[in-house]
Amino acid sequence: MAVRLEVEEIPGGIPAGKVAMWWFLASEIMMFGGLITCYIVFRLGGSGWAEASNHLSMTLAATNTLVLLTSSYTIVQAFVAAERGSAPALRRHLGLTILGGLIFLGIKAVEYTTEIRAGFTPDAGIFWSFYYTMTGLHALHVMGGLVVNGVVLLTAGTAIKHPHRVELAGLYWHFVDVVWIFLFPLLYLA
Amino acid sequence: MTTATAEHVERGFWTTYVFSTDHKTIAKQYLTLGLFWTLVGGLLAGAMRWQLAWPDSAIPLMGEIGPEVYNMLVTMHGTIMVFFVAMPILLGAFGNFLIPLMIGARDMVFPRLNMLSVWTFALASLVMLASFFVPGGAASAGWTAYPPLSAKAAYTGVEWGLNLWILGLALEFASFLMGGVNYLTTVIALRAPGMTLTRVPLAVWQQLAAATLFLLSVGPLIGGAVMLLLDRTLGTGFYAPELGGDPLLWQHLFWFFGHPEVYVVLLPALGFVLEVLPVFSRKPIFGYRWIIGATVVAAALSFIVWAHHMFISGMDPRLAMPFSVTTILISVPFAWVVFAMIATLWRGSIRFDVPMLWALGFLTMFIIGGLTGIFNGSAPVDLYVSRTYFVVAHFHYTLFSAVVFGGLAGVYYWFPKMFGRMLSGPLGQLHFWLTLIFFNVTFFPMHHIGLAGMVRRIANPLQYDMLVPHQWLNVLATYGALCLLAAQLPFVINLLWSWRAGAPAPRNPWNAATLEWAAPSPPPHLNWGPSVPRVYRGAYEYSVPGEREDWLPQDLAPLARSR
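So the sequences go chain by chain: W and G.
Just so we're aligned, residue 1 is where the first sequence starts under the working numbering, counting upward by one.
Just so we're aligned, residue 1 is where the second sequence starts under the working numbering, counting upward by one.
Hints are supplied without guarantee of correctness; some may be wrong.
Said to hold, decoys possible - Sample of chain G residues at the chain W side, in silico, Cβ under 7 Å: (1) V109; (2) V181; (3) T185; (4) I188; (5) P220; (6) I222; (7) G235; (8) T236; (9) P241; (10) G244; (11) G245; (12) P247; (13) L248; (14) A294.
These are calculated hints, taken from the structure and not from any lab test.
Note that the structure is predicted; figures quoted are calculated from it, not measured.
Backbone N, C-alpha and C fix where the C-beta goes; we use that ideal spot for every residue, glycine too.
Using the sequences and the hints, build the whole thing.
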């Protein structure tokens, strides 16, 4: 019986994967949204938060913001390359994106080490509890994104035939970026 | 990505029964796991009731238990029944089985993600089961795990039990997130030709609403659970006032999820009942679009009612009034659905088959639970009854009626489609009447015990002088609970016997109009023959004037009317 699961595209032309990704991101937004709301409510009701925040390195975090934003640009370039059907350009831009993610994690590791050495461990106060939980969960999401991007890189041959694979990875990577755009001012600047 | 071709048809034992991507097999895997946990959760409840009726006497098979073990029983009974019974059976089993069949798809849109979801749930089950056997025993901080009790191992004496509890729930959430994304995308992307959104059966609509609620409410609790785990392991201070945290934060995060979660469980059950009522009344469902509208309104409202669980928690008392208002408001859309159900019955040609009995059981019991909900939702009354057995009675009348009465309406109705055999009618009747009677014997007295002042989670009511005169009601409830457990025996016998030796089920034993009855019983792999069915009409065209038959299947072409 030559039976097929024939439907993949929805009538409007949006691939199913994209619908699923948006539902997934909606629940992720609720998770980070919940954490960020808790942080804001606690911070508005407490004192001593700005002093604690002053111990963070603005330079490193600003560099990290720049790195992550740049990697969002390179993954857009990767999608453009996939749509053009150019595997080398796709690999190059995905490689740069992954490099950006790795640099971000590297700088984050340096930050954590400096802070812990200075005695600011997760149990050093409520600001630090929030700081490590929020940036830690974000870092886990960066790692997840690196795995996704890595898989797309290894299967670049398939990805130029199905550019929406790169688009989905890009959607997720942008989400990781957007979360950081919220975390940076809330934790470092405020 | 989802193209399953002919090679899928040649499948071995492992890919057919174990690592299957077939939505019907996955449904049965969820059902099996859910029924296993029902047994565990039911036995825990039996032990609790024994302790409450005859405190500190030896429980059969368990011996004497102290208050610590009783706390564990309460915690694990609640956790298991909500997350490991209601969700896998109502969403996991029926969502998986019904959605593709009812919308005319060959499978879920992401079959492998579906398989990952059920195996993640199996892993969650394993972790939760293992938590009973680690030193210190399973979690005992209540199914709501309020800090500070849950935030430090020293307070309950449970170290790994509670950590595993968090891990098991995290895996369970991951499993149902995958499932929810799959359900929503499948209905958006894979509907058969002609299956417009206003022809989609209400059971599917309710699954969609439930999946959306779960996806949007669980995030903050995942964040909260990470904080709890870090408080326990790294010494962070989210819930510790001495470190600048606040125990109430957990209650807010838990109930922001917890209240939508009860609708995650309720809505699928409503969906089953909404399917069964028109079929056995031989009438179209009353107010199809209004029911969908009411569901959406209730789902939206469920995000702004959570603090009604916290009226006596010490939160800002100014919050009580707005949350009271939204809570009482939410009974409007639900009353709407209930009235639509009653109006469907009105002047119908009612057939009292077993699925219909369970549906009517749901309707009557749920109304009782809904009415006590109005008492609990009103802050001044709730200050008096909060955390008493009145609340326990309330949520068993709502949740037990949803999960057991609604769920069994689904099991008795769709068993022929799932397994290709009919269930025994007389055994089903016996099961229904015994369950209905002993359910009420168990839970109705709890209203009174609660109003008399018995709070939840106490292990020995006889320690309180004011409860001693009411102890006979505790004993009565316990006899009811033990009989209620025994009343499930006819069901187990019926399931096993009919599964092997029941009468072969015809394609459409109930003369129902929805699409799943157009597939063979049981449906083959990929459900439909060479092409998927085409849909011409709504899901509930019963007793249409001028027609020879009193039902018009959704895939019946208009031309065939003149035959």
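Hints versus structure:
Among the interface hints, the one on V109(G) holds; its C-beta lies about 5 Å from the nearest C-beta in chain W, closer than the 7 Å criterion. For V181(G), the shortest C-beta to C-beta distance to chain W is roughly 5 Å, which falls under 7 Å, so the interface hint holds. Against a cut-off of 7 Å between C-beta atoms, the interface hint on T185(G) holds, since the closest Cβ of chain W lies about 4 Å away. Interface restraint check: I188(G) against chain W, minimum CB-CB distance 5 Å, threshold 7 Å, status holds.
Taking 7 Å as the C-beta contact cut-off toward chain W, the hint placing P220(G) at the interface holds, the least distance being around 3 Å. For I222(G), the interface hint holds, since its Cβ comes within 7 Å of a Cβ in chain W; the closest pair sits about 5 Å apart. Checking G235(G) against chain W by beta carbon gives a least distance of about 4 Å; that is within 7 Å, so the hint holds. With a least beta-carbon distance of about 4 Å to chain W, the hint placing T236(G) at the interface is held under the 7 Å criterion.
Checking P241(G) against chain W by beta carbon gives a least distance of about 10 Å; that is not within 7 Å, so the hint is violated. Taking 7 Å as the C-beta contact cut-off toward chain W, the hint placing G244(G) at the interface holds, the least distance being around 3 Å. Among the interface hints, the one on G245(G) holds; its C-beta lies about 6 Å from the nearest C-beta in chain W, closer than the 7 Å criterion. About 13 Å separates the beta-carbon of P247(G) from the nearest beta-carbon of chain W, more than 7 Å, and the hint is not met.
Contact between L248(G) and chain W, as hinted, is not supported at the beta carbon level, the nearest pair being about 11 Å apart and thus beyond 7 Å. Nearest Cβ of chain W to the Cβ of A294(G): about 23 Å, over the 7 Å cut. The hint is violated.
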